[in-house]
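There are 2 protein chains.
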Amino acid sequence: MCEANAYLVGDQGEELVMEAVDTVTPDDGGILLTSIFGDQKFLKATIHSLSLVDHKVYLKSAE
Amino acid sequence: MCEANAYLVGDQGEELVMEAVDTVTPDDGGILLTSIFGDQKFLKATIHSLSLVDHKVYLKSAE
Numbered sequence: 000m001c002e003a004n005a006y007l008v009g010d011q012g013e014e015l016v017m018e019a020v021d022t023v024t025p026d027d028g029g030i031l032l033t034s035i036f037g038d039q040k041f042l043k044a045t046i047h048s049l050s051l052v053d054h055k056v057y058l059k060s061a062e
Numbered sequence: 000m001c002e003a004n005a006y007l008v009g010d011q012g013e014e015l016v017m018e019a020v021d022t023v024t025p026d027d028g029g030i031l032l033t034s035i036f037g038d039q040k041f042l043k044a045t046i047h048s049l050s051l052v053d054h055k056v057y058l059k060s061a062e
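Residue numbers (numbering that gives the first Met the number 0), protein chains in the order written: chain A, 0 to 62; chain B, 0 to 62.
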């Protein structure tokens, strides 16, 4: 499986917001994260950068 | 390995722009894609969405 962990990057560093993320899709001014288990989380954020071999997705707050 | 293929999404559908992408980082008004082989490609685009289990990264032109 090729899921990744999603981190919100801010002034205080990286905060893990969801593990085992499958899809990230734009949704209503933010993004909707869906894990391989079907869990969903909405964040007012954008996709900042990726490091896929490290299984990392970096998000940046849109607020 | 958990690399993905990067597709530029436009009016004409999806165009494969790079295979085996490892990192995607913001760079000078666009994004820099780096493959697991070290190849690099700069695009005036943003990261639109992800489907990691399908090994797909969708980009959207910023122009």
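These are computed hints drawn from the structure, not numbers from a lab. Misleading hints may appear alongside valid ones.
[As the list claims (entries may be wrong)] Distance ranges between label pairs, derived from CB positions: (1) G37/B x K40/A: 15 to 23 Å; (2) Q11/A x Q11/B: 39 to 47 Å; (3) P25/B x E18/A: 18 to 26 Å; (4) D38/A x E62/B: 30 to 38 Å; (5) D53/A x D38/B: 31 to 39 Å.
[Said to hold, decoys possible] Capping the alpha-carbon separation at 25 Å, the derived lysine to aspartate or glutamate pairs in DMTMM-like fashion look like this: (6) K59/B x D38/B; (7) K40/B x E14/A; (8) K40/A x D27/B; (9) K55/A x E2/B; (10) K40/A x E62/B; (11) K59/B x E2/A; (12) K43/A x D27/B; (13) K40/B x D10/A; (14) K43/A x E62/B; (15) K59/A x D27/B; (16) K55/A x D38/B; (17) K43/A x E18/B; (18) K40/B x D27/A; (19) K55/A x D21/B; (20) K40/A x E18/B; (21) K55/A x D10/B; (22) K55/B x D10/A; (23) K43/A x D38/B; (24) K59/A x D26/B; (25) K55/A x E13/B; (26) K55/B x E14/A; (27) K59/A x D10/A; (28) K40/A x D53/B; (29) K40/B x E2/A; (30) K55/B x E18/A; (31) K43/B x E18/A; (32) K59/B x D26/A; (33) K40/A x D38/B.
[What the hints assert, rightly or not] Taking beta-carbon pairs under 7 Å as the criterion, some of the chain B residues facing chain A (in silico): (34) L15; (35) E18; (36) D21; (37) S48.
From the three backbone atoms N, C-alpha and C, an ideal C-beta is built for every residue, glycine too.
For each hint, the structure was consulted:
no.	hint	result
1	G37/B x K40/A: 15 to 23 Å	violated (34 Å)
2	Q11/A x Q11/B: 39 to 47 Å	holds (42 Å)
3	P25/B x E18/A: 18 to 26 Å	holds (24 Å)
4	D38/A x E62/B: 30 to 38 Å	holds (35 Å)
5	D53/A x D38/B: 31 to 39 Å	violated (18 Å)
6	K59/B x D38/B	holds (20 Å)
7	K40/B x E14/A	violated (29 Å)
8	K40/A x D27/B	violated (30 Å)
9	K55/A x E2/B	holds (11 Å)
10	K40/A x E62/B	violated (30 Å)
11	K59/B x E2/A	holds (22 Å)
12	K43/A x D27/B	holds (23 Å)
13	K40/B x D10/A	violated (29 Å)
14	K43/A x E62/B	holds (23 Å)
15	K59/A x D27/B	holds (17 Å)
16	K55/A x D38/B	holds (20 Å)
17	K43/A x E18/B	violated (29 Å)
18	K40/B x D27/A	violated (30 Å)
19	K55/A x D21/B	holds (10 Å)
20	K40/A x E18/B	violated (29 Å)
21	K55/A x D10/B	violated (29 Å)
22	K55/B x D10/A	violated (29 Å)
23	K43/A x D38/B	violated (32 Å)
24	K59/A x D26/B	holds (15 Å)
25	K55/A x E13/B	holds (24 Å)
26	K55/B x E14/A	holds (24 Å)
27	K59/A x D10/A	holds (10 Å)
28	K40/A x D53/B	holds (20 Å)
29	K40/B x E2/A	holds (24 Å)
30	K55/B x E18/A	holds (18 Å)
31	K43/B x E18/A	violated (29 Å)
32	K59/B x D26/A	holds (15 Å)
33	K40/A x D38/B	violated (33 Å)
34	L15	violated (16 Å)
35	E18	violated (12 Å)
36	D21	holds (5 Å)
37	S48	holds (5 Å)
Of the hints listed earlier, those the structure fails to meet are numbers 1, 5, 7, 8, 10, 13, 17, 18, 20, 21, 22, 23, 31, 33, 34 and 35, in rising order.
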